[in-house]
Structure formats: structure tokens, C-alpha cells
Amino acid sequence: MIAATAQLYPNVVLGPGAEVQEFVLVGVPPRGRKPGELVTVIGRGAILRSHTVIYAGNRIGEDFQTGHGVLIREENKIGNHVSVGSHSVIEHHVRIADHVRIHSQAFIPEFTILETGAWIGPNVVLTNARFPLGYKVKEKLKGPWIGPGAKIGANATVLPGVRIGAEALVGAGAVVTRDVPDGAVVIGNPARILKRVEELSYPEDPSMKPYGRKKEV
Amino acid sequence: MIAATAQLYPNVVLGPGAEVQEFVLVGVPPRGRKPGELVTVIGRGAILRSHTVIYAGNRIGEDFQTGHGVLIREENKIGNHVSVGSHSVIEHHVRIADHVRIHSQAFIPEFTILETGAWIGPNVVLTNARFPLGYKVKEKLKGPWIGPGAKIGANATVLPGVRIGAEALVGAGAVVTRDVPDGAVVIGNPARILKRVEELSYPEDPSMKPYGRKKEV
Amino acid sequence: MIAATAQLYPNVVLGPGAEVQEFVLVGVPPRGRKPGELVTVIGRGAILRSHTVIYAGNRIGEDFQTGHGVLIREENKIGNHVSVGSHSVIEHHVRIADHVRIHSQAFIPEFTILETGAWIGPNVVLTNARFPLGYKVKEKLKGPWIGPGAKIGANATVLPGVRIGAEALVGAGAVVTRDVPDGAVVIGNPARILKRVEELSYPEDPSMKPYGRKKEV
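Protein chains in written order, with my numbering: chain A, 819 to 1035; chain B, 819 to 1035; chain C, 819 to 1035.
Hints in this document: simulated from the structure, not taken from any laboratory. It should be emphasised that the depicted structure is a prediction, and the values quoted were computed from it without experimental measurement. Among the hints, erroneous ones may be present.
Quick list of in silico lysine-lysine cross-link-like pairs, DSS-like style, CA-CA up to 25 Å [claimed, not checked]:
#	chain 1	residue 1	chain 2	residue 2
1	C	K1013	A	K958
2	C	K895	C	K958
3	B	K1027	C	K895
Counterexamples of contact, computed for chain C against chain B with all Cβ distances above 12 Å [to be verified]:
#	residue
4	R981
5	E1016
6	M1026
We put the CB at the ideal spot given by N, CA and C, even for glycine.
Construct the complete structure from the given sequences, taking the supplied hints into account.
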């Protein structure tokens, strides 16, 4: 179902069962490209909520969802079962694996890599330019790498090129300036290792451990 | 006045004097609900600025205002004289009392409670999931409680279930991990108590105290 | 080229070569003003991307660009070659000099001054109210001053009236509570001086200095 006010540019291939809501644009040509010059592929069962903008040249898997007012720039590679929350911005040349969930109002710059099952909290800001406007900055851009199953807490900031290990947990509001080992919990500004995810438990029930057993999704 | 490009779903009850601007959607059905299945009530004198999206099942009082591009999910209870700033996101099952002001680009998750006269600064992020994707996380969601007259400074982060006392002030950029007593001023990451709001004064005129007397709104 | 779904209010003067994309509003009257009462001037070669809203009474120079979903309130003065990234909010009575670049999802409050060539990173929050809802707060509003060539890192917060010196660099996630000298690098919450910009170098090539020589833009 494609809303009457939505606009699909030429050369957009939408899988079966897609829902494209009001005031959405899909296949917008990036600067210097003509409409339809780059193919845009979105797999079966996509839900693109209102006011979302998706540029041309994206390759997106099945069961893709956006919230409202999402912006996805050109030439990203996005796996299956990915959701991008309302008002988030994904720049270009980002690689997002299967089962990644990006929450609301996040910022994901070019050259970021999000591995399988990574979780990006609301208002999280990833970065890729160590020295903005600096000498050779364009050559030196380096996105963060967010490992499989890693979780980045709300409003955290991750510096350029930083690697967040598999299953690691970055606390809300942390500013991560160095690589984080697999399974570590980091908090603060600058972020420091607090403990390991297996050591976490619910304060009201210390025997209940959130991680280190079969996960709920 | 309802703009020609705005769309009201069935079963939306708008009070007299409402202004609904361009590219607005009101009464959007949440997943699994049919259009019009949930009633949406917005009291007299509402101003819904352009590109705003309001889901079905909200009960909203008089003199309600949104900025541009606001998103309000389903089944919230919102009092009188409330404003929600541009680009802010309010999730579902949130309770907002009278005279609350939410500034721009804030994020308010499900189960948050904002008491009378609370003030939420720009880009503030409240949270409700202590352990994202963790075991039983959905059962353990707990929104913050923001007491009457409390102010949350710009770009602050408040952790799940944290209680901010009445008239307390959270400094800009603070990361609040523990409950804040009534009338306390907290700053930093993690936030620590600095002083009480009655002790604050304008640096250029130390005899002028901002709080502890009749307030301007 | 003005998209069919874009709306220009009366008394908007767009220079030659303008591109106004879908679902854009230009010249929106602020509260208490009639459509067309305030003139809106945007110089030659502007690109206003989809879902952008620009109020009346702005004076904007040549080669102006907005990303998607940008909001610019009334009566700002904006120079030549300025870009405002997707989803950013510029309030009213802001002064922006030539060659300023504001990235995505930033918040720029009233009375801010951005000098020539300043760079504002993604999700940066500038502030102007020291004591929200406090006594005389409206009379005491004071925006930050961001000096020429200064760079404010991603998700940083700058407190009201703070002055960031020329060519200074504010680290990502910093909370800046005091004035920053020209050319200083500050990081942390609260922000402290780390070094000078001339002392910075790329970690993988310490002989390569990003600043203190001819800059790339």
C-alpha cells in the first residue's frame, strides 16, 4: 500500500507487501545523479512510516522498518529484519547487518559498520571525523565498528573509528573514546570499564541476570 | 483551521479553535488497530504545527501545542496547557500533567510520568530500559518520574525509573543515574548534588535569585 | 525548481537557481504576524531539501543549503555559503556568519552568534537560559558566541552565554560551562582544557597536524 502523497522515484524496486506511508520519498537521487540512475532495492514486507526519506542506491533486506521522519542517505547496505527509529539519520556508505535495531533520533555517519543484532539507543551519536575541517579530514574519515550484539545506551557518543566489542554494553550518556573489549560494560565521560555484562543483575532481584543466557528480542 | 494537506483519521475529536497545519497526521492507528478503532481527543485551542504525527488513542487537554515534526505515539494521557517542542518524540503510555513544557528534539519513552509544571529541555533523553535486549527487559521497563516543577537541562540523560524530585534542577548535559531529592541541583556524569535551588543566583547579580519566589512562566 | 507540494507564503524573495523540494514551507508567519507581513529573502542558488520549514523574516545569503526536515524560526540573519544539516532546529534572532556549517540534529537557540567558518557537529546543543522557568529568565536569555573557525564536536552541550574562542575545538560529548580561549582544545563534563589545536596530530601519523596550516573545507 503506497499512500497517495508518497513519491517513488524511478528504478525503485519494492518487495511484495510494502507499506509506504504519507509524505515519504523513496529513491531520491544524490547530488550529481539523475533520478533512476542508481537502483534502490527494498525487500519484502517493508514499512516506511510517514515523512521518511530514502535516497537512491540503497540495498535493503526483508522486513525493513522505519519510524517517522527517518532519513537514509545513498548507497548503504542494510540486512534483513532491521528497524530504524523515528527521526534518525543514516548517512551514506553505512553497512548494517541483520537484526540491527536503531532507536529514535540517532545519528549514524558514513563508513559506520553495525554488526548482527547490534542495538543503538535513542539519540546516540556515532562520529567519523576526528578533526572536523582539519587537514586531510576527508581522507581520514573512519566510522565506528559496533560488534555483534553490542548495545549503545541512550545519548551516548562514540568517537571516530572506535570499536565496540561483541555483546558489550555502553552506558547511557557515555562518551567512548577508546575501543571497548567484547562483553565489557563502560560508563562515563570518558568511558571507563565498569564490569562485564555477565556480572550485571537487576537491582531489585540480584539473582536475575539480563545477559549471559538466552536473550529476548 | 485544518490545512488541505493534513489528514485526520476517523474518530478524532478536535475541540473548537484547533489549528492543524500542513502535512500533519492525527489519529494514526497503532499496529494491530484499525483506523478509528481508538478514539483520539484533543481539547479546545490546539495548535498542531506542520509535519506533526499524532497516533490514535491519545487523550489530550486544552491549549495543547506542538512544534514542527513532533511525533506522539498512542494511548498517552496529556493534561491542559502542555507544549511539545519541534522534532520531539513521545512514545506510548506516557502521562503528562498540566502546564508541562517539553522543548525541542527531546525523547520521552513509554511509562514516563511528567508531573505538573515540569520542564524538559532541548535534546533531553529519558530512558526506560535498564538492560536493552536483556532477559525479561519488556517486563522490567520503568520510565522516569519527573516531579512537579522539576527542570531537566538541555541534553541531559535520565536513567530508567529514576525519580527527579519536585522543583529540582538537572544541569545541562548531566547523566542522572540515581534519584534526585526535591529542590536539589545536580550536575555531571554521573550527576552529583551541587547545591539547592534556593542557593542559586545570577552570577552578574548575586542578590537576584531565580527560584524560591513567585515564578515566571 | 519548486516542487508541487512545497508552499511559499507571500513576500518570499528567492534568488535565481533555487531548488525547493517536496513538503517544504517557506515564509511561515510567526505568531501574531500575518502571511507576508515580514519579508523573507534567500539568496541565489539555495537548496531547501524536503520537509524543511523556514519562517518569515529571515535574511539569508547566497548558496544556502538545508538538509531534510530542517526548522528555521523567524528573523535570523544568515550569511553566504551556510549549510544547516538534516533535522536541525534554528530558533529566532540568531546571527550566522558566512561559511558556517551546522551538521544534523543540532539545536541553536535564540540570540546565538556563530562567527565565520564555525562548525557545529551533529546533535550539538547550544543553550541560552541559565535557569529555566526562573525569575526574570526571559530578560536574562543569553546565547553562546562561537568564534570564527571554532568547531563544536558531536553531541556537545554549550551553556548560556559561553564564548568559544576562535579556532577552538570542543571535544565530542563535552559539556562546556566556561569560556574557552582561542585555539584551545577542551573535553569532558565539565569541559577542561586538554591542549592547543596546534599540538594535535593524527595518532597513526604523529607528524601530520590537522590544524595550524592551510585548511581544507
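Are any of the numbered hints broken by this structure? If so, which, sorted upward? 3
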